[in-house]
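Colleague: Just need the whole structure built from these sequences, with the hints factored in.
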Amino acid sequence: MISRELVESQVKQILSSNEIFEGLFIVETSVSESNEIFVVLDGYKPVTLDHCAALNTELDSKLNREVEDFEIKVASAGLGFPFKVLEQYKKYLGQEVEVLKTDGTKEKGILLSFSGDSLTLEVTARVKVEGKKKKQVQVSQEIIALPLVKSTKAVISF
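For the sequence shown, position 101 matches number 101 in the working numbering, and the numbering has no gaps at all.
These are calculated hints, taken from the structure and not from any lab test.
Do not take every clue at face value.
As the list claims (entries may be wrong) - Straight-line C-alpha distance at most 27 Å; calculated BS3-like pairs for lysine-lysine:
| no. | residue 1 | residue 2 |
| --- | --- | --- |
| 1 | Lys135 | Lys106 |
| 2 | Lys62 | Lys12 |
| 3 | Lys12 | Lys106 |
| 4 | Lys108 | Lys90 |
| 5 | Lys73 | Lys84 |
| 6 | Lys153 | Lys84 |
| 7 | Lys45 | Lys84 |
| 8 | Lys150 | Lys84 |
Modeller: Next up, the structure:
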């Protein structure tokens with residue numbers, strides 16, 4: 001069986017050695033028991049079908065079919081899918097995200113900052129202010145420790 005580590009190292013080498021992959025990064029790699037290789041990419045620029053096809057071809061040429069048979073699938077991390085790697089948090093700085101906490105609550109806001117142990121959201125809420133008839137818009141910052149984050153997704157707005 002082909003190892004996931006071998007696939008990941010080959011993909012990293014391919015991404016770093018070819019200009020067409022500039023700005024792209026690995027989100028996930030896996031290898032099934034039947035040698036089905038699955039690679040998910042994301043990037044600071046859109047990941048196109050051409051990127052996926054080119055990576056598939058390059059990876060196929062780096063692995064030896066005469067030793068083991070395998071199948072390669074390369075895909076893009078689509079919008080609305082949870083973040084899996086730190087680079088995705090960096091990619092979405094300044095954009096709206098939805099954070100699902102481990103306690104089941106959700107926070108939606110602009111991702112202001114991200115460190116290895118927490119993230120900061122700018123949250124806008126309408127709150128009742130004493131002495132006012134209408135709810136007022138209140139903007140606040142919420143710092144969420146990463147161990148309290150179950151998943152984070154980009155918010156798609158049109």
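Colleague: Hints first: check each against the structure and report whether it holds.
Modeller: For each hint, the structure was consulted:
{"no.": "1", "hint": "Lys135 x Lys106", "verdict": "holds, 21 Å"}
{"no.": "2", "hint": "Lys62 x Lys12", "verdict": "holds, 12 Å"}
{"no.": "3", "hint": "Lys12 x Lys106", "verdict": "violated, 34 Å"}
{"no.": "4", "hint": "Lys108 x Lys90", "verdict": "holds, 17 Å"}
{"no.": "5", "hint": "Lys73 x Lys84", "verdict": "holds, 18 Å"}
{"no.": "6", "hint": "Lys153 x Lys84", "verdict": "holds, 10 Å"}
{"no.": "7", "hint": "Lys45 x Lys84", "verdict": "holds, 17 Å"}
{"no.": "8", "hint": "Lys150 x Lys84", "verdict": "holds, 11 Å"}
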